[in-house]
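Hey, can you work out the whole structure from these sequences and the hints?
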Amino acid sequence: MDRFLSNAVNRIDAKGRVSVPAHFRSVVQKRGYSELYALRALDIPAMDVGGLDLLDRYEQRIAQEDPFLQTADDMSFFCHGDGTFLKLDQDGRITVPDFIREHTGISAEVAFVGRGNFFQIWEPGRLAAYGAEARARLLKLRQDLGAKASGSTE
Numbered sequence: 001m002d003r004f005l006s007n008a009v010n011r012i013d014a015k016g017r018v019s020v021p022a023h024f025r026s027v028v029q030k031r032g033y034s035e036l037y038a039l040r041a042l043d044i045p046a047m048d049v050g051g052l053d054l055l056d057r058y059e060q061r062i063a064q065e066d067p068f069l070q071t072a073d074d075m076s077f078f079c080h081g082d083g084t085f086l087k088l089d090q091d092g093r094i095t096v097p098d099f100i101r102e103h104t105g106i107s108a109e110v111a112f113v114g115r116g117n118f119f120q121i122w123e124p125g126r127l128a129a130y131g132a133e134a135r136a137r138l139l140k141l142r143q144d145l146g147a148k149a150s151g152s153t154e
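Mapping of the sequence shown onto full-length UniProt numbering: residues 1 to 154, in sequence order.
By construction, these hints were calculated from the structure, which means they are not laboratory data.
Think of the CB as a built atom: it goes at the ideal place given N, C-alpha and C, for glycine as much as any other residue.
Among the clues, some could well be false.
Between beta-carbon pairs, the in silico distance windows are [what the hints assert, rightly or not]: (1) F85 to S107: 15 to 25 Å; (2) A14 to E102: 18 to 28 Å; (3) L145 to D13: 39 to 49 Å; (4) T84 to A149: 13 to 23 Å; (5) R101 to S26: 39 to 49 Å.
Straight-line distance between alpha carbons at most 30 Å, and here's what the computed DSS-like set of lysine-lysine pairs gives [unchecked claim]: (6) K87 to K148; (7) K15 to K30; (8) K15 to K87.
Structure follows, in structure tokens:
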């Protein structure tokens, strides 16, 4: 499998390192990533993490913008100024810098969540709350679509 799937929580060690889950490291290896690109998620307290293809995707989108407009500048700030590179050590660990801790609220544990072509890192409590909200939104959508399909006027 070459997709980031599932989730796991790992403790940060005394040196500020955390083990990336083995199944995520397997995907990293299969994709040939020599380093990881981590970007602050725009609207949630998480980091999006992937290979250089993730950064390339953002840069391709920026290239479509007029470089003299604020949008291009904002997008560049977002993907370059709010991003960092993470190195996996020989034991499959990454260091969790203050840059990540401040945005996510991570202190002692890191939750890793697969998102298909990339993964996210979260503070476990915040991830649990977000997961409950996402499931509630999807359930409401399902119920609304079911009511609409059955002709209900509620």
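These are the hints, each one checked on the structure:
1. F85 to S107: 15 to 25 Å: For F85 and S107 the Cβ distance comes to about 22 Å; the hint holds.
2. A14 to E102: 18 to 28 Å: Cβ of A14 to Cβ of E102: about 20 Å, so the range 18 to 28 Å holds.
3. L145 to D13: 39 to 49 Å: 46 Å, holds
4. T84 to A149: 13 to 23 Å: 46 Å, violated
5. R101 to S26: 39 to 49 Å: With a Cβ separation near 26 Å, R101 and S26 fall outside 39 to 49 Å, so the hint is violated.
6. K87 to K148: Violated. K87 to K148 sits at ~49 Å, over the 30 Å cutoff.
7. K15 to K30: The hint holds at about 28 Å.
8. K15 to K87: 15 Å, holds
When the structure is compared with the earlier hints, violations turn up for hints 4, 5 and 6 and for no others.
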